[in-house]
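A.B. asks: Top to bottom, those sequences are chains A and B.
The numbering of the first sequence is the working numbering, which starts it at 1 and goes up by one.
The numbering of the second sequence is the working numbering, which starts it at 1001 and goes up by one.
It should be emphasised that the hints constitute simulated quantities derived from the structure, not laboratory data.
Think of the CB as a built atom: it goes at the ideal place given N, C-alpha and C, for glycine as much as any other residue.
A couple of the hints might just be wrong.
With the C-beta cut set under 7 Å, the calculated list includes, among others, these residues of chain B facing chain A [unchecked claim]:
id: 1; residue: 1158
id: 2; residue: 1168
id: 3; residue: 1186
Number of protein chains: 2
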Amino acid sequence: MAKILSGKEVVAALNEQLSKRAQALEEKGVAPCLAMVRVGERQDDIAYERGATNRCKRIGISTKNFILPESATQEELIKVIEEVNNDPSIHGCLLFRPLPEHFDDEVVRNALLPAKDVDGITNGSLAGVFAGTDQGYPPCTPAACMEILEHFGIDLNGKKATVIGRSLVVGRPAALMLTSRNATATVCHTRTVDMPSVTREAEVVIVAAGRANLIGKEYFSPGQVVIDVGINFTEEGTLCGDVNFAEAEPIVAAISPVPGGVGTVTTSVLAKHVIEAAEKTLAK
Amino acid sequence: MAKILSGKEVVAALNEQLSKRAQALEEKGVAPCLAMVRVGERQDDIAYERGATNRCKRIGISTKNFILPESATQEELIKVIEEVNNDPSIHGCLLFRPLPEHFDDEVVRNALLPAKDVDGITNGSLAGVFAGTDQGYPPCTPAACMEILEHFGIDLNGKKATVIGRSLVVGRPAALMLTSRNATATVCHTRTVDMPSVTREAEVVIVAAGRANLIGKEYFSPGQVVIDVGINFTEEGTLCGDVNFAEAEPIVAAISPVPGGVGTVTTSVLAKHVIEAAEKTLAK
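Okay, chain A solo, but in the shape it has when bound (with noise of 0.2 Å):
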């Protein structure tokens, strides 16, 4: 039987060292805030917005809103940006993409200044990704899975870790991020031949392949440790992930399970970045 690793637990012990963190920043003067900027009225952004103002309160976490109409032109919401930049009391921003299509998603993203983007979306953090910096943030997803791993005490040290998924905001920013802590990264996709014989050879899996229940026995191999980055509906309505859990779970030596897995952690990694970025005001 796997070992599961819970999303509940890695958020819990998160929640209790950032409210540390933040009270000793409040000791010192300084009030972490978050600021969320929205264009529109999306309902998964509403969903987003309102589990991560929860989570930022409870570790003494401000947060301000900005939500413009989904009429709001580039230069109204530049304006916007602008402003959050300038805040000193405003330490991270989230930006709720993709934006309506009259936006240069190039243009406004790169508006924000990497040192508040604590969602890892400017070219900044990119590259901070890239070179394994501390420029700028990573993404939220791939970071929560690095902050699993972390909690559990799996060491990637020269590791072979496998990502499922090429994508921007998780399966390449995940290799790279693997990569910086010392783990032998492969990529798969779409593309890779016999992607299964490529799987069950690593020690470490990240499954961000997009689809329900896609990733069956055939990709696992026993003492294995599985990330499932997955967030599925089955067609009875039910939350699920890439991963089919039922055939994994008794092969591997540790899972994380949809619900309750990487899902959970984003929003505490969202406010770890913030934490992270109001303590960097201070070393200033």
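Add chain B to chain A, keeping to what the hints say.
C.D. replies: Just chain B, lined up with the frame of chain A:
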């Protein structure tokens, strides 16, 4: 006996193609031009500058040299870069690095417009490599590896490709470029456990280990294509690669030599990027 992936052959083909494109540009009133910005008098910078100037001249690209004394201030250097950015007759810019220690490398390199960053040093170019888009340009050395593979018709689609080395200028961008070309890419490095067992599994191996003759027969298996990025001098003063050529060549299917391999192709790739940048100004 392995096929020798001769850089000269790639250069000859590239030069012919690029000369035609340069002529076509001239006919449309665009004279492709590369700016080279150098601070100080480092011998290897001057040697590369000479090589790049000759290569460009033969193809029909003019060059414009900006030379600052080693004592130049950051403001002076950035002023030169801004001049390059604002001059529509300049299409690409090569900035020699490392810069003297009193410069902030991050600030200086990102002062250059990604559209003119033909050597892939800005965060914008890095984001393009990361995403596999044509924003900016990839660094010339990993791009030269891709050029060699393409010239010799080596299909990467679905192939296992392993990179030895995780540097920012070769290993990491090479792995991302392989991923964008549908290969299943793995990055090995000094912390990889039993590296030979990993590289023997690959169909394409790009070696950027940075040490003379380090990679011997135990790393290779029959049928492989090997690209050697290394440029080293033996104790006897002979130029050699990172691969022990005498050991690898009898085993593998194809291998790029040193000298006469990747290093030969980099200035042609630089010229190709300048031509592309000039062509983009027409498309606007």
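A.B. asks: Each hint needs a verdict: does it hold in this structure or not?
C.D. replies: Comparing the hints with the structure gives:
| no. | hint | result |
| --- | --- | --- |
| 1 | 1158 | 4 Å, holds |
| 2 | 1168 | 5 Å, holds |
| 3 | 1186 | 4 Å, holds |
No hint from the list above goes unmet by this structure.
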